[in-house]
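Colleague: Residue numbers (the numbering used here), protein chains in the order written: chain L, 1 to 277; chain B, 1 to 285; chain E, 1 to 332.
The hints are simulated quantities; they were obtained by calculation from the structure and are not laboratory data.
There may be inaccurate statements among the hints.
[Said to hold, decoys possible] Calculated cross-link-like contacts (lysine to aspartate or glutamate; reagent style EDC-like; alpha-carbon spacing at most 16 Å):
| # | chain 1 | residue 1 | chain 2 | residue 2 |
| --- | --- | --- | --- | --- |
| 1 | L | K61 | E | E221 |
| 2 | L | K26 | L | D233 |
| 3 | L | K61 | E | E139 |
| 4 | L | K61 | E | E225 |
| 5 | L | K61 | L | E81 |
| 6 | L | K26 | L | E236 |
| 7 | L | K26 | L | D231 |
Given the structure is predicted, the values throughout are model-derived calculations rather than measurements.
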Amino acid sequence: MTDTLLRVRGLTVSFPSANGPGEVVKTLDFDLARGGALGIVGESGSGKSMTSLAIMGLLPKGAERTGSIEFDGAELTALPERAMRSYRGDRIAMIFQDPLSSLNPYYTVGTQIAEAYRSHRSGVTRRQARAVAIEAMERVHIADAARRVDHYPHQFSGGMRQRVMIAMTLSMEPELIIADEPTTALDVTVQAQILDLLAEIRADTGAGLILITHDLAVVSEVADHIVVMRDGDLVEQGTAERIFTDPQAPYTRMLLDAVPRIDDEIGLLRTLTEEAR
Amino acid sequence: MTDTLLRARNLVKEFTVSGGGLLGRSGRFRAVDDVSLDVRRGETLALVGESGSGKSTTARLIARLIDTTSGTIEFDGREVHALTGKALHAFRSEVQMVFQDPYSSLNPKHTVERIVTAPLVYQRRPIPGGARAFAGALMERVGLDPDHAGRFPAQFSGGQAQRIGIARALAVSPKLIIADEAVSALDVSVQAQVINLLRRLQEEEGFSYLFIAHDLAVVRQIATRVAVMNGGRIVETGDRDTVFDAPQDPYTRRLLAAVPRIRPEWDAARRRNEQARREREEAEL
Amino acid sequence: MIRFVANRVLGMLVVLFLVCLFTFVIFFVLSPDPAVQICGKNCTPEAIDRIRANLGVDRPFWTQFGTFLAGLFAGRTYGTGANAIECAAPCLGYSFQSSQAVTDMIVQRLPVSATVAVGAAVLWLLAGVAGGLLSAVREGKFADRFIAGLTLTGMSIPNYVLALSLQFVLVVTLGWLPFPQAVPFSEDPLQWFQNFLMPWIVLAIGMAAVYTRLTRANVIETLQENYVRTARAKGLSPGLVWRRHALRPALTPIVTIFGMDFAGLLGGALITETVFGLNGIGKMAADSITKNDQPVIMGVTLLAAFLVVVGNMVVDLLYTAIDPRVRVGSTA
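This is chain L alone, in the form it adopts within the complex (with noise of 0.2 Å):
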């Protein structure tokens, strides 16, 4: 057993087109720890939910995958469909952003929560399933978890679908939770609920996280080894404390400027402003 859980070496992700590949992930390299927390951050196009999707192997049509991606030393790139459907929601689950369009609005929350459980585990009854469901939603603090489980998404709050979410994650014991932007479509006290939760949930299970974001102070609290990304390119990638601390590539300092501070007013970005004009 290595304490590496998920190497990543030359991830590249393109779309061929008519004018050649566009890359969207290029030669990306990052290791994850067994139970640790790393966090890729990025603003929009850096193609940071691209690097998620091309772990699960479940990339958007037409595109293409090179490069090497180690789960607990298995060679994820080198899979065939079957054996990598082994993966996914068992041993690696992923949790999205709009929890209410990722859930179906025709099923109950237990049946969606007990369904990984039911695919991967053989002789599943009905009974064990629901039981299963319940489970999993009193680990994600759902209150009256027995009644709650044979309701519908649309009955749920926006903080308790995304705890619908992560329940679904939970029933099959994770080593790896992928979160993409979990919590950008929550109110505030909602998303510190949420982050609560995770790490509860990482302490308990020793699951590694892979939090995809583009705040990084969400990141900041989160996160113990982070990557920068920008239009597919690895900026740089550290611990959180180095990256916060001493952060090398001129784009992470300029992020770092650009984040407001609750704390304080600071002459908003000096750096910026001769950008801004």
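Using the hints, position chains B and E against chain L.
Modeller: Just chains B and E now, with coordinates in the frame of chain L:
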């Protein structure tokens, strides 16, 4: 001339919630509940709150985009909801709005020149110096290239499109600009530039902002005073630093505590490192 | 739920009342005097007055309309004394041409139209959904483009052209089907089936084309949904992703349209029935229009309106059963 530009008192807005069909029981939902606020000349009043707090509805009431259920709004000494004819026309140009999504609030089939001169055209006012020159000057003021006056909104980035929205608001020399989550959809680097632009324009023109936002860190950068809304009510109003540093209301405290922060000691260390770097670079020269 | 159903039924009654009112205004107030028509060539003013009194058209509008409505629900009596004719509910009046009760005429012909509608509906639903699914699975490939070509053709050929050419090819040239003649099912099931086969196909082709396009578009759109991505992220097999997460949301809207289309068709397929000589509601409507037989036209119109409104309600109720967002309100 008083110090207060806008004075809203006991604003209430109720919406009817239909139960559906002929037998459906319809209820009433109070989106804005007894809201009073003042916007002084030249200041920025930030109206902050989470989704459903009623902040956007309040902005719409003040802009007279929707009617109040009860309450009064006085703008520059006149009752806004009693205005008609010419006076209403004048009000419409004195109060301008900038919205969250620049693309959906700009007509995609019109050139920038047409968009930014439209408020004058609607008001049947002459365009000083002609449309081309006027649009060019406005674009320069918001940091856009005047040569791009013939382009369409889709040809601009999000930040640039938002600048077009701001230019349109400036065209009629407003006294109050209502910015409804105007920088929320922008990437952080672009957001900083637009915040800077908004502040610079205010310094130059002396107009007021009613700044609707959910992002408290942004509010800290731009507000003079802050009003915190929750459940349709204003729970706390005060000078920016007082509200941020010594919040009185429990909800305000909870809201502030929930905001994610970059550790201040990291920021301090970064500034030290930045300083050292600069000194090193200067020594090398 | 009960409130919801009650709401729908009440709404339906209101709509039906308005339909009755408008139809009544159009046919009995804005149309030429029916008495003149009934009376014929050798007519005296007295005779016309007598007929008008019999029909009740000499009375004020609201009285007439009231009598008409009463006739629908409780029956009415035409004429007085020995000449009085009892018209049982639902009374739609008597044909000017055949003096038959319109209600009876409809009841006689409804089974034919229903047979045409049901058969065609089964055909077009099967073909349309299957074609749409195949098209969506093979999006952009040959099968998809081939089906797109077929649907375009199917939608562009007018019914009567299709009906006549089909009859010419299958009956006259190839002789695969016997010349249609009215045979009850109990007498000769094969001939009965052969009789209806062509109308079914003719009606189904255009509709199948529409349903193919609709299904294809819905499925492709649903596959883009975030919850389909979630299902994939859970490691579900493609079959399960399809069956559970793509098909149900994609096919639900089809229920709505199907209900309306089917109800509309029950009220008679005017052209198809006429071309194939089927004695259904559609043919009756066509005949009554050419002869300006107002009570019959009105009866058919009301029937069609009734079917569409009822069909709409059934679809609504069905929808609540299918879509939990309608069935259970938000509690959050």
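Colleague: Sort out which numbered hints this structure fails and list those numbers smallest first.
Modeller: Violated hints: none at all, because every hint is consistent with the structure.
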